[in-house]
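Novice: Residue strings, one per chain:
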Amino acid sequence: MTRGPADLVLALGNDLLGDDAAGPLAARTLASRYRDRVAIVESGEAGLALLELIEGRRRVLILDSIRSGAFPPGTVREMAPESFRGVLAPSPHYAGLPEVLALGRRLGSEMPGELRVLSIEVEDPFTIREALSPAVASAMPRFVEAAAGILDDWLAASAGR
Amino acid sequence: MDTRRITVDPITRLEGHGKIDIFLDERGDVERAFFQVPELRGFEVFSVGRPAEDMPQITSRICGVCPTAHHMAATKALDALYSVEPTPTARKVRELVYNAFMLEDHALHVYVLGGPDFIVGPDAPPSLRNVSGVIAKVGADAGRRVISMRRRLRELIGRIGGKAIHPVLGLPGGVAKGVSPEDLPAFRALADEAVDFARFTLRVFRDLVLGNDAYLRMITAEAYTHRTYSMGMVDARNRVDFYDGDLRVVDPEGSEYAKFPAHRYLDFVAEHVEPWSYVKFCYLKPVGWKGFVDGRDSGVYSVAPMARLNASEGMATEEAQAAHDELYAALGPKPVHYTLANHWARVVEMVQAAERIRDLLADPEIAGADLRNLPTAVPRVGVGAVEAPRGTLFHHYETDGDGRIVRANLIVATQGNSARMAMGVEKAAKEMIRGGEVREGLLNRVEMAFRAYDPCHGCATHSLPGQVPLVLRILDRAGRVIDEIRR
Numbered sequence: 011m012t013r014g015p016a017d018l019v020l021a022l023g024n025d026l027l028g029d030d031a032a033g034p035l036a037a038r039t040l041a042s043r044y045r046d047r048v049a050i051v052e053s054g055e056a057g058l059a060l061l062e063l064i065e066g067r068r069r070v071l072i073l074d075s076i077r078s079g080a081f082p083p084g085t086v087r088e089m090a091p092e093s094f095r096g097v098l099a100p101s102p103h104y105a106g107l108p109e110v111l112a113l114g115r116r117l118g119s120e121m122p123g124e125l126r127v128l129s130i131e132v133e134d135p136f137t138i139r140e141a142l143s144p145a146v147a148s149a150m151p152r153f154v155e156a157a158a159g160i161l162d163d164w165l166a167a168s169a170g171r
Numbered sequence: 172m173d174t175r176r177i178t179v180d181p182i183t184r185l186e187g188h189g190k191i192d193i194f195l196d197e198r199g200d201v202e203r204a205f206f207q208v209p210e211l212r213g214f215e216v217f218s219v220g221r222p223a224e225d226m227p228q229i230t231s232r233i234c235g236v237c238p239t240a241h242h243m244a245a246t247k248a249l250d251a252l253y254s255v256e257p258t259p260t261a262r263k264v265r266e267l268v269y270n271a272f273m274l275e276d277h278a279l280h281v282y283v284l285g286g287p288d289f290i291v292g293p294d295a296p297p298s299l300r301n302v303s304g305v306i307a308k309v310g311a312d313a314g315r316r317v318i319s320m321r322r323r324l325r326e327l328i329g330r331i332g333g334k335a336i337h338p339v340l341g342l343p344g345g346v347a348k349g350v351s352p353e354d355l356p357a358f359r360a361l362a363d364e365a366v367d368f369a370r371f372t373l374r375v376f377r378d379l380v381l382g383n384d385a386y387l388r389m390i391t392a393e394a395y396t397h398r399t400y401s402m403g404m405v406d407a408r409n410r411v412d413f414y415d416g417d418l419r420v421v422d423p424e425g426s427e428y429a430k431f432p433a434h435r436y437l438d439f440v441a442e443h444v445e446p447w448s449y450v451k452f453c454y455l456k457p458v459g460w461k462g463f464v465d466g467r468d469s470g471v472y473s474v475a476p477m478a479r480l481n482a483s484e485g486m487a488t489e490e491a492q493a494a495h496d497e498l499y500a501a502l503g504p505k506p507v508h509y510t511l512a513n514h515w516a517r518v519v520e521m522v523q524a525a526e527r528i529r530d531l532l533a534d535p536e537i538a539g540a541d542l543r544n545l546p547t548a549v550p551r552v553g554v555g556a557v558e559a560p561r562g563t564l565f566h567h568y569e570t571d572g573d574g575r576i577v578r579a580n581l582i583v584a585t586q587g588n589s590a591r592m593a594m595g596v597e598k599a600a601k602e603m604i605r606g607g608e609v610r611e612g613l614l615n616r617v618e619m620a621f622r623a624y625d626p627c628h629g630c631a632t633h634s635l636p637g638q639v640p641l642v643l644r645i646l647d648r649a650g651r652v653i654d655e656i657r658r
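So the sequence lines, in the order shown, correspond to chains W and L. Each residue of the first sequence is one higher than the one before, counting from 11 in this note's numbering. Each residue of the second sequence is one higher than the one before, counting from 172 in this note's numbering.
Here chain W stands alone, though its shape is the one from the complex (with noise of 0.2 angstroms):
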């Protein structure tokens, strides 16, 4: 399947559930700046619905926000792929990350090479409500520059190559 750039930045979220919108806000400022060179996805899904937008892709950052409730709002982590366990989820909508990379590799399908996790702190993500929590929305510069590093970096290489 031909969908353009051989990179991807995956954004996880709803944009009408408040701070769950941060992935996605990011994602389009990311696509003002990296049109055309870097595939750019929202989605408001999860598992296996996943692996339709990794598959045939070089290299995947996937940004999300996450409520741990250890950090405070607006700190944005980046978290290795492998620290999301494998586990049985509540619903097949929420099967997990290394689920789903096993699920592809057994399939046969193309995974990606490269898989990074970046995500932002959030603090209501309950509320239908088309606005960000101040302290999420202060932090967005910096989810959207830590984004922009990993891609530039990316990009940087491929150039060099």
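Everything labelled a hint here was simulated from the structure, so no lab data went into it. Misleading hints may appear alongside valid ones.
Beyond 12 angstroms from chain L on every Cβ pair, some chain W residues (computed) [what the hints assert, rightly or not]:
#1 G54
#2 D163
#3 A166
Beta-carbon label-pair distances, calculated as ranges [to be verified]:
#4 W:S148 x L:R203: 39 to 45 angstroms
#5 W:E124 x L:D294: 34 to 40 angstroms
#6 W:A41 x L:A540: 49 to 55 angstroms
#7 L:N580 x W:D162: 44 to 50 angstroms
#8 L:K430 x W:R68: 53 to 59 angstroms
The model shown is predicted, which means the values in this text are computed figures rather than measured ones. Idealized CB from N, CA, C, for every residue including glycine.
With chain W fixed as given, assemble chain L onto it according to the hints.
Specialist: Coordinates of chain L only, in the frame set by chain W:
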């Protein structure tokens, strides 16, 4: 011994996605179990003042799991609001899209969720009880077939209705786009494959599950049985219909208790509130709320696949009817009250959805050009209902004369099963914990009590992959953690 509290706490990226507190009495037996889930806030506030025509888009964007169900319920509520019927072609296009959605959503559940419980087996080690374990059992070819079928069904939905996750198909009185005649050959070929795929799934289920006495004993175990009312949508012949029809309710013995059009839902469905849960528990209003108990005198009812089959007098298509008869021959008579039978009923429904797709595409009218009846009435109140994969879904809007929302109410499918799920969790916990002894496999057996319903909680659905560890904590009366088990 102190009363102890055992907490089963799946911590997801959306903290508190679901949590189970189990309270033990002084003998170490289960006194009560509470199944808690978070709830989305602000839907009504968000809706008020918006044009009613935006609701199919807004409600489908709220939920990443059943966008098409919300889209269709909202579209039907708009038909009612503007007192306009869709054209015959528009109705068939909607049904085609809706059945494609039902099939792909059910397939996901059967292979990814029901799969670990049934295809791999409830007592398999956790490392195998996932989708990879399912593939190991059914084979990689079958796995690729599942993924491919699902993707192509979503492409069909997208081709007609816009992106599968954000459909833009429904308009009051019709649809925005029809099926183009050039697409018909490819769609018909896909439909034939879909029917084969549904037959294949039925075979997989039959061979792996029904050939195993241990599974059958588990399905029919008292721990997973609740004798409640059942609700589901039926057509004019009382056959299962996912898209349109009256709601039919049968009592725990299977006799018709009520049959009503969607707009009368408030006469039959009421919501009970408990201090420990955000979820409003649906019950039959004329029967009344008598607590978390089953039986004819309790208003608790169930929705979703098994309830839909129970509430009907059969399936609308031929092969699905045969599959339906096979289910009741093994587990019947009607109604079947085994929660775990939902997995089987879901496969029966996949057969009907596939056959409906095939039959709708064989009808020349599906590619007609008359796509919309223009609304002319002044809007006021509209109620629409569909059978979501997870059960009956109601959308209810009231507007001012300009069609702006002044009141919006949703009864989502999972609410219809929320009382039964709470009962199921408690019953399973009682079975697994006796005299302070926690039997092996507690987490899984308790989860199985609600997984069979394919619950979709809070409609806050996408999750950063994998962050769903389960934690079982045992707390003493003072709230101190005296034991903790992680998976």
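Novice: Could you run down the list of hints and mark each one as holding or not?
Specialist: For each hint, the structure was consulted:
no., hint, in the structure
1, G54, "4 angstroms, violated"
2, D163, "22 angstroms, holds"
3, A166, "27 angstroms, holds"
4, W:S148 x L:R203: 39 to 45 angstroms, "44 angstroms, holds"
5, W:E124 x L:D294: 34 to 40 angstroms, "38 angstroms, holds"
6, W:A41 x L:A540: 49 to 55 angstroms, "37 angstroms, violated"
7, L:N580 x W:D162: 44 to 50 angstroms, "48 angstroms, holds"
8, L:K430 x W:R68: 53 to 59 angstroms, "57 angstroms, holds"
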